[in-house]
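K.L.:
The primary structure of each chain is shown beneath.
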Amino acid sequence: MMFAFDHLGLRLRLLARRWLHAPALDWPLTCALVLLACIGLANLYSAGGPETNVALNQGARFVLGAILMVLLSRVSPQTLRKWTPWLYAGSVLLLLVVAVLGEGRGAHRWLDLKVFRFQPSELSKLTMPMMAAWVLSRRELPPKFFSLVVVGALIAVPAALIAKQPDLGTALLVVASGMFVIFLAGMAWWRIGLVVAAAAAAAPVAWHFMHDYQKKRLFTFLDPAADRLGDGWHIMQSEIAVGSGGLWGKGWHHGTQSALEFLPEHTTDFAFAVFSEEWGLVGVVAVILLYIFIVGRGLMIAANARDTYSRLLAGSISMSFFVYVMVNGGMVSGILPVVGVPMPLISYGGTSVVALLAGFGMLMSIHNYRRSPH
Amino acid sequence: MNLPGPRTQIRNARVDAETFRARAIAGFLIIVLCLSALVSRYVFLQMYRGDEFTQTSDKQRISVRSVAPSRGLVYDRNGVLLADNVAAFRLEVVPEAVHGGSKRLEKLLVELSDVIAISDDDIERFKNARAKKKAFESVPLRLKLTEDEIARFSVNRWRFPGVEVVPYLTRSYPFGTLFAHAIGYVSRIDLKELERLDPNEYAGTTHIGKTGVERWYESELHGAPGSETVEVNVDGRVVRTLDRVPPTPGKNLYLSIDARLQRAAEEALGARLGAVVAIDPRNGEVLAMVSEPGFDGNLFVNGIGKTDYTTLTQDPRKPLLNRAIAGGFIPGSTIKPYIAAAGLELGVRTPSDTVVSTGEYHIPGLARGYRDDFAAGRVDLKLALAWSVNTYFYSLAYEMGIDRLSGFLAKFGFGAKTGIDIAGEGVGVLPSAEWLRATRNESWYAGYTVNAGFGQGFWVVTPIQLAHALSIVAAKGANRPPHLLRATQSGIGARVETASLPLPGPTVGSHPNTWKAIEEGMWLAVNGPPPSTVSGLGKDFPYAIAGKTGTAERFSRFDETWTFIATSSADRHQVLFECFTPAEDPRIAVVVALEAGKSGASDAAPIARKVLDAWLKYDDDAPLPRVAEMAR
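Just so you know, the sequences run in chain order R and A. Count the first sequence with our numbering and you get residues 25 to 398, in order. Count the second sequence with our numbering and you get residues 12 to 643, in order.
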């Protein structure tokens, strides 16, 4: 970080040359993301109905996220790695700040920075895999017990803070992103089995700590018809929207469930239900294939990464992406309980879009600084 | 910390990369597996249960609403409008737009009543209606606003957000009380009717015919509702109309009644309790039908107030009773022409057979005497009718026997509904041994037969029954059931189509001489010198009038009441008069029945004459009204 003042001009020129000549983005991944973003915008334009600003706002966030993605793709993984502990510490600190004086509807999630509001938990989605990768890349692999305990503790702190907000969906994503790092680092299968068994055993304990509304959500999920006018309504209307789409869908702008407001949260959590209604099974399969392609491409980039840190980080980012799709897709179709996890790049939501694209920026950077092919 | 050195890192890196590759592949496979499971869920929802969800989705967004048809209009035979649909204004409240919930609404109703009179009934009805509607749906509060009220509300409008003056069509009876009984009225559908009515036919309709023609021809007047297929959002608010089938308006009806004759009959009747029925005996068309006292049918249309309703129901004069079809009258001597017809047709008498009246009649072998008005001496049928000689009919009835008497008089329609097209017709009583046994479980005595012979005893007739019987006599046995409907028209401007006449009843009698003899007797009653009962009634009338009076005992002579009111002879009797003209080829038959009076000749007959005088002016044998005249 220290350089002589008179070398500044030279360094800037070098930097500029490197930026201009360095391989840019990973085109297959970029194309898939742009396509997905277009689908997301088109869907929001329809789902938002008369509120066209929904799509416009989302578009603006895409632009912001894309800029961040391009910038991050130029930051070398080494730099990222160097900053990792600080970023992680910073994100935990912000979570603590939010816990003390955050604001939000019913839950403390937001930090008002006057210029824009921002959810520190979204930052954790990035810093968590970074930190886990940072720790594990410095230790012998496959990870030994002690390493696992350390990483487990590092996961537990932000996850607990986020779950306390309460934002189970994000907490789940943060935990998953950390776990994927451990998984990819080669944690023994028997240990994985043990963790899964322990998690199952801990479910009743978790139940004890859950808020009433969260318990109710679970009940409702199990039997939507019992709460026909309350939370069950979301699930039932979402299933109706998805189901009535049929094979070919009702067509863009012809979905009735959102236009007539039967489907709640049709631009955010349930945006994919609108998509399913208008584009049918054909659209659903196409989008899921696109998601699989993105995950697969991300894992390929990870496999070709230069070092362990990059590898683990890239792998975790890719696999976390899948969790979004699975949880939201399952929620919309009624096989998973309603938790606030957006459908990536399809649901409306600024911070999530920016955080997702920032993650892909790091993936691009890892791609840029991959092992030379020879 | 014991950090691995650079060498370890390089060694690790190679192992890591391989472990990673294996784990990445495993992870990817798990992901593909999970997403396949997810897709299979979508296959299940969208393919396997797709149709079911499509139906559910359509069911909750598409709603079919009925559009109420406009009610048919009612005209008289000349195209004078008797029942109209007029634009009126009502006060409606959209509860949702009244900010501040139920409490604010209550307060608003109170404040509103300072500007516009709102009765407790209105408020109760409003609350009932509100309970059945959604918050954004408009609920009527006060119907039929006056111009003053509309003006007053307009000035104060700003004080009442959510309250609006809305135009609507309402039934109106331009003649008020004049046709209250014949046309009847419509009123709001009540709960009992709601159960009975086809909900599809009446969806959106608020009013239904309750009495008179309005009730009888309900299905014709109602029309068929149209429908509107609309798309509604989650709150039930209409977003757009998908399809619209316009309603079929109800048929316009042309009645045989002549409003001018009706007016004349009402004026002739004055304030007396009773009824006037005028029929064209050639076809059974009712030309006038008045029952006094009347009431204003308009009161019922927009919800009659409790006080008004109580006044009507508690009134001892029973204004709601249609005396023309449901009023029970003792026919007295007006029954005599029909008894005579029975005697002639059954061969008990010939027109020239005579009977001696000594002033009192005795059943052979019995002591009890049956009174005659005076000792008329030897009379044949003609004189017996003209002078209304009881003895002639006592003996005729006695000789005929009750079974033959009631059997023949049933042919004139006594003791049964005439089938006139107005709801609420009474049947009266045609005395017979069978009837007495069935209703009172008593045996028949010969004395009852004698009483039946001059229209007393058990006899009860309705004016329309009497008019029907009279028109059979006038039409020389042809039996044309009375009716009001003359023609129908599907919509204003459409062709006026003649309504099919009710099927003629079985012709009465087979001897032309029968009718001639009776007509001569009735002619003599009007045109002969005294003691002809209504001598002089036909004076200055261009046609020959044939008529018969009836003065029936309202109370039994052995009753205390009779003694009590005996001094006020003006109220002692039920008095009737029946007549037709021109006697030889009758075009009108009139029955006047009064609940109280001195005698048929003095009280009822002059009323009939006034009706005939009016008829003379209006008898133009109006053809079906032409369409052009109907254009409004």
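Hints in this document: simulated from the structure, not taken from any laboratory. Positions of the beta carbon are idealized from the N, C-alpha and C atoms, including for glycine. Mixed in with the good hints, there may be bad ones.
[Said to hold, decoys possible] Quick list of the computed label-pair ranges, beta carbon to beta carbon:
1) HIS278/R <-> PRO210/A: 47 to 53 Å
2) THR240/A <-> TRP231/R: 35 to 41 Å
3) ALA48/A <-> THR76/R: 50 to 56 Å
4) ASP319/A <-> THR76/R: 55 to 61 Å
[Stated by the list, open to error] If you only want the chain R side, here are some residues facing chain A, beta carbon under 7 Å, derived:
5) LEU60
6) GLY270
7) THR280
8) VAL306
K.L.:
Which hint numbers doesn't this structure obey?
P.N.:
1, 2, 3, 5, 8
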